[in-house]
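Modelling step: build the complete structure from the supplied sequences, incorporating the hints.
Read top to bottom, the protein sequences are chains C and L.
Okay, so the first sequence: first residue is 0 according to numbering that gives the first Met the number 0, each after it adds one.
Okay, so the second sequence: first residue is 0 according to numbering that gives the first Met the number 0, each after it adds one.
Calculated directly from the structure, the hints in this document are not laboratory data.
In this text, a Cβ means the ideal position worked out from N, Cα and C, and glycines have one as well.
There could be a bad hint or two in this list.
Said to hold, decoys possible - With a straight-line Cα cutoff of 27 Å, these simulated DSSO-like cross-link-like pairs (lysine-lysine) come out:
id: 1; chain 1: C; residue 1: Lys236; chain 2: C; residue 2: Lys74
id: 2; chain 1: C; residue 1: Lys5; chain 2: L; residue 2: Lys16
id: 3; chain 1: C; residue 1: Lys146; chain 2: L; residue 2: Lys16
id: 4; chain 1: L; residue 1: Lys16; chain 2: C; residue 2: Lys23
id: 5; chain 1: C; residue 1: Lys78; chain 2: C; residue 2: Lys126
id: 6; chain 1: C; residue 1: Lys235; chain 2: C; residue 2: Lys146
id: 7; chain 1: C; residue 1: Lys143; chain 2: C; residue 2: Lys74
id: 8; chain 1: C; residue 1: Lys143; chain 2: C; residue 2: Lys81
id: 9; chain 1: C; residue 1: Lys126; chain 2: C; residue 2: Lys74
What the hints assert, rightly or not - Derived coverage of chain L by chain C (criterion: at least 3 residues anywhere in the stretch with Cβ under 8 Å from a Cβ of chain C; other residues may be distant):
id: 10; region: 19-28
id: 11; region: 34-40
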Amino acid sequence: MIEAQKRRIYEILEPSTTNDIASKSYDFLLTTAVVVGLVPMTLKHENPLVVWIDIVTSLLFIFDYGLRLYTADYKMGYKSIKAHIAYVFTPLAIFDVLSIIPIITLFGRGFASLSLLRPFRVFRAAKLVRYSKSMVVIANVIRKVRKQLGAVFVLVMVYIVISAMLMFQLEPKLFHTFFDALYWATISITTIGYGDISPVTPLGRVITMLSALMGMAVIALPTGIITASYMAEITKKKTKYEL
Amino acid sequence: MAKKVLIHDDGIVDSGKTGRTVLFVVICAVISIGMILLGVGAIGYEVLV
Chain C
0 MIEAQKRRIY EILEPSTTND IASKSYDFLL TTAVVVGLVP MTLKHENPLV VWIDIVTSLL
60 FIFDYGLRLY TADYKMGYKS IKAHIAYVFT PLAIFDVLSI IPIITLFGRG FASLSLLRPF
120 RVFRAAKLVR YSKSMVVIAN VIRKVRKQLG AVFVLVMVYI VISAMLMFQL EPKLFHTFFD
180 ALYWATISIT TIGYGDISPV TPLGRVITML SALMGMAVIA LPTGIITASY MAEITKKKTK
240 YEL
Chain L
0 MAKKVLIHDD GIVDSGKTGR TVLFVVICAV ISIGMILLGV GAIGYEVLV
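This is the structure in structure tokens:
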């Protein structure tokens with residue numbers, strides 16, 4: 000009896016794929032909570048209604064997290080306490096916890112440091128991944144090519160650190176701290192180029208030119224990897240549907 | 000434990016599941032509408048006050 004109820008709770012929590020009205024209603028409730036929970040991020044001034052938005056959405060997210068933890072054995076596919084522990088460390092469960100954190104600010108509105116927790120509200124957007132089929136496809140695609148993306152990421156990081164070190168030594172007057180050099184290297188390699196820090200020595204300019212050229216290749220690489228994998232996933236889905 | 004069901008005069012067996020589902024859907028709808036009103040209200044407050 001309890002197992003049957005637990006299974007039903009799991010069915011309701013999971014995004015609806017059938018004509019299950021209860022599951023569809025819960026999906027709508029959670030999607031609304033996520034969207035409304037993000038509204039405070041768009042407001043500049045303190046607002047009494049924001050407190051109520053935080054209370055209602057956070058309580059809902061805590062309730063949702065509790066139920067997901069309770070039914071984690073169904074989600075993970077095996078019956079054991081390990082399933083509940085393993086669930087806590089899944090990416091979506093981590094985002095669930097991060098989205099609950101802003102409720103702490105309600106208990107200590109006087110502490111300025113707690114206001115730093117407010118930007119954590121943005122993690123609520125990650126909860127929408129569950130309810131969008133396209134987002135699920137993109138998440139699967141990224142999971143499949145994570146090794147290739149990781150390799151590109153490491154390459155970029157190494158280049159940023161090396162070019163920042165070189166510039167930090169070549170243009171000592173330009174950078175107050177090494178962080179400034181890292182900032183310049185990141186802005187240059189991504190070809191954003193704000194121009195707030197610009198090299199003055201010929202060697203510094205050569206490194207900047209190299210960074211800009213390297214940036215084009217670095218931006219194109221992950222885009223190509225993700226696009227190729229996404230197209231493969233779409234073709235696979237189409238073939239499956241036609242069969 | 001034996002499952003309790005209600006058998007109506009016309010013979011329809013009612014386990015109470017439909018009623019619980021309707022109640023759940025109504026609760027979800029009320030909370031959703033309440034949250035939407037809160038969101039719209041918060042944006043309105045920011046614009047008007």
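Status of the hints after comparison with the structure:
no. : hint                  : in the structure
1   : C:Lys236 <-> C:Lys74  : 23 Å, holds
2   : C:Lys5 <-> L:Lys16    : 15 Å, holds
3   : C:Lys146 <-> L:Lys16  : 47 Å, violated
4   : L:Lys16 <-> C:Lys23   : 16 Å, holds
5   : C:Lys78 <-> C:Lys126  : 25 Å, holds
6   : C:Lys235 <-> C:Lys146 : 21 Å, holds
7   : C:Lys143 <-> C:Lys74  : 20 Å, holds
8   : C:Lys143 <-> C:Lys81  : 25 Å, holds
9   : C:Lys126 <-> C:Lys74  : 16 Å, holds
10  : 19-28                 : holds (count 5)
11  : 34-40                 : holds (count 5)
The structure fails hint 3 only (numbered hints given earlier).
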